[in-house]
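Here is what each chain is made of, one letter per residue.
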Amino acid sequence: MITLNHYLLLSAILFCIGLYGALSKKNAIAILICIELMLNAVNINLVAFTKFLTPGDLTGQIFAIFVIVVAACEIAVGLAIIIAIYRDRSSVDVENLDWLKW
Amino acid sequence: MELHVIAFWLIAFVTLGSALAVVFLTNIVHSALALILTFLGIAGLYLTLNADFLAAVQVLVYAGAVSILIVFGIMLITRGDGRMADTNIFGKYKYTAAIVITAFLGVLSHYIIKTPWQMGTAALSENTMGDIAELLFSDYVIPFELAAILLTVAMVGAIVIAREVKNPK
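As given, the protein sequences belong to chains H and Y, one line each in that order. All residue numbers for the first sequence refer to numbering that gives the first Met the number 0, where the first residue is 0 and numbers rise by one. All residue numbers for the second sequence refer to numbering that gives the first Met the number 0, where the first residue is 0 and numbers rise by one.
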């Protein structure tokens with residue numbers, strides 16, 4: 000029998016994989032990819048809550064749709080910023096982005 | 000063993016395996032391809048959760064649009080020598096991050112298992128697409144319109160930021 004805990008643990012593991020990549024990668028695009036993994040893990044949580052905690056009320060799925068909308072905006076703007084940085088620096092290595100150092 | 004139990008474990012295995020591949024492959028194109036597999040696996044999880052509309056949205060938006068956007072981004076950003084090997088390597092916080100994430104996962108799973116969830120008893124919605132449409136155009140009509148404005152603003156902003164600069168410096 001698959002219970003709510005299975006889905007929550009799966010999404011927790013997926014979130015942690017994404018967070019690990021976001022914290023440890025050098026390439027800015029890889030960090031964006033890992034943030035997408037984290038947002039997807041949150042969506043699994045929302046949909047699992049809809050099925051197990053509030054069946055008949057689809058508010059969780061509506062929220063998942065809004066998360067998907069915001070994630071699509073985030074990836075578009077994030078990639079645009081990375082492309083602008085690449086044009087300026089010819090590199091997307093986040094350890095080289097040090098404009099705030101003096 | 001019932002069919003949906005087998006389906007859950009199979010999809011969970013594929014999803015987590017490809018998510019690990021996203022993080023641990025060192026060629027960023029391979030990471031992006033593994034990411035598409037992860038998105039498809041999550042769409043399969045939505046199907047096991049009776050969320051057929053969200054599964055379709057997941058395939059369209061993530062496995063379709065977002066992954067194409069990422070692949071295009073990778074195409075536009077090449078290194079000087081043009082090789083793709085070692086484009087997705089770890090930085091200097093590899094081990095620190097691993098320790099932090101292990102602790103975080105421990106805390107998360109502890110609270111997931113300890114929390115007494117109040118299971119709902121109502122019947123599952125049979126027609127999710129119709130019910131979502133009704134909710135979106137009644138209770139959530141203002142967030143829905145705001146999401147549309149946010150998408151427009153983000154797309155225009157992305158074009159403005161990424162556009163070629165006419166007179167640099």
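Just so you know, the hints here were simulated from the structure itself, not pulled from any lab data. The structure displayed is predicted, hence computed values, not measured ones. Keep in mind that the hints are not guaranteed to be accurate.
[What the hints assert, rightly or not] Over the 12 Å line for every Cβ pair with chain Y, so calculated as not near, a few chain H residues:
#1 Cys72
#2 Arg86
#3 Leu99
[To be verified] Ranges between beta-carbon positions, derived for each pair:
#4 Ala97/Y to Ala83/H: 18 to 24 Å
#5 Val28/Y to Val66/H: 22 to 28 Å
#6 Ala83/H to Gly63/Y: 22 to 28 Å
#7 Ile80/H to Leu9/Y: 36 to 42 Å
#8 Ala83/H to Trp8/Y: 22 to 28 Å
#9 Met74/Y to Asp56/H: 29 to 35 Å
#10 Val66/H to His3/Y: 47 to 53 Å
#11 Arg86/H to Asn126/Y: 45 to 51 Å
#12 Thr25/Y to Ile80/H: 21 to 27 Å
#13 Pro115/Y to Ser89/H: 21 to 27 Å
#14 Pro115/Y to Val66/H: 42 to 48 Å
#15 Gly129/Y to Val66/H: 17 to 23 Å
#16 Arg86/H to Tyr110/Y: 40 to 46 Å
For each residue, glycine too, the CB sits at the ideal point set by N, CA and C.
Here is what the structure says about each hint:
The beta carbon of Cys72/H sits about 3 Å from the closest Cβ of chain Y, which is not more than 12 Å, so the claim that it is off the interface is violated. With a closest Cβ-Cβ approach of about 7 Å to chain Y, Arg86/H is found to fall inside the 12 Å limit, against its non-interface label. Every Cβ of chain Y is farther than 12 Å from the Cβ of Leu99/H; the closest lies at roughly 17 Å, confirming the non-interface assignment. A hinted range of 18 to 24 Å for the beta carbons of Ala97/Y and Ala83/H is inconsistent with their spacing of about 32 Å.
Checked against the given bound of 22 to 28 Å, the beta carbons of Val28/Y and Val66/H, roughly 27 Å apart, stay inside it. Separated by about 25 Å at the C-beta atoms, Ala83/H and Gly63/Y satisfy the suggested range of 22 to 28 Å. Between Ile80/H and Leu9/Y the beta carbons are some 38 Å apart, a value that agrees with the proposed interval 36 to 42 Å. Between Ala83/H and Trp8/Y the C-beta distance comes to about 44 Å, which lies outside the given range of 22 to 28 Å.
Under the hint 29 to 35 Å, the C-beta atoms of Met74/Y and Asp56/H, about 43 Å apart, miss the expected range. Between Val66/H and His3/Y the Cβ separation comes to about 25 Å, which falls outside the hinted range of 47 to 53 Å. For Arg86/H and Asn126/Y, the Cβ-Cβ distance of about 49 Å falls inside the hinted range of 45 to 51 Å, so the restraint holds. Against the hinted window of 21 to 27 Å, the Cβ-Cβ separation of Thr25/Y and Ile80/H comes to about 24 Å, which satisfies the hint.
A C-beta distance of roughly 55 Å is found between Pro115/Y and Ser89/H, which places it outside the suggested range of 21 to 27 Å. Judged by the Cβ atoms, the range 42 to 48 Å given for Pro115/Y and Val66/H is violated: they are separated by roughly 26 Å. Taking the beta carbon of each, Gly129/Y and Val66/H are about 21 Å apart, inside 17 to 23 Å as hinted. A hinted range of 40 to 46 Å holds for the C-beta pair Arg86/H and Tyr110/Y, which are about 44 Å apart.
Checked against the numbered hints above, the structure breaks hints 1, 2, 4, 8, 9, 10, 13 and 14 and satisfies the rest.
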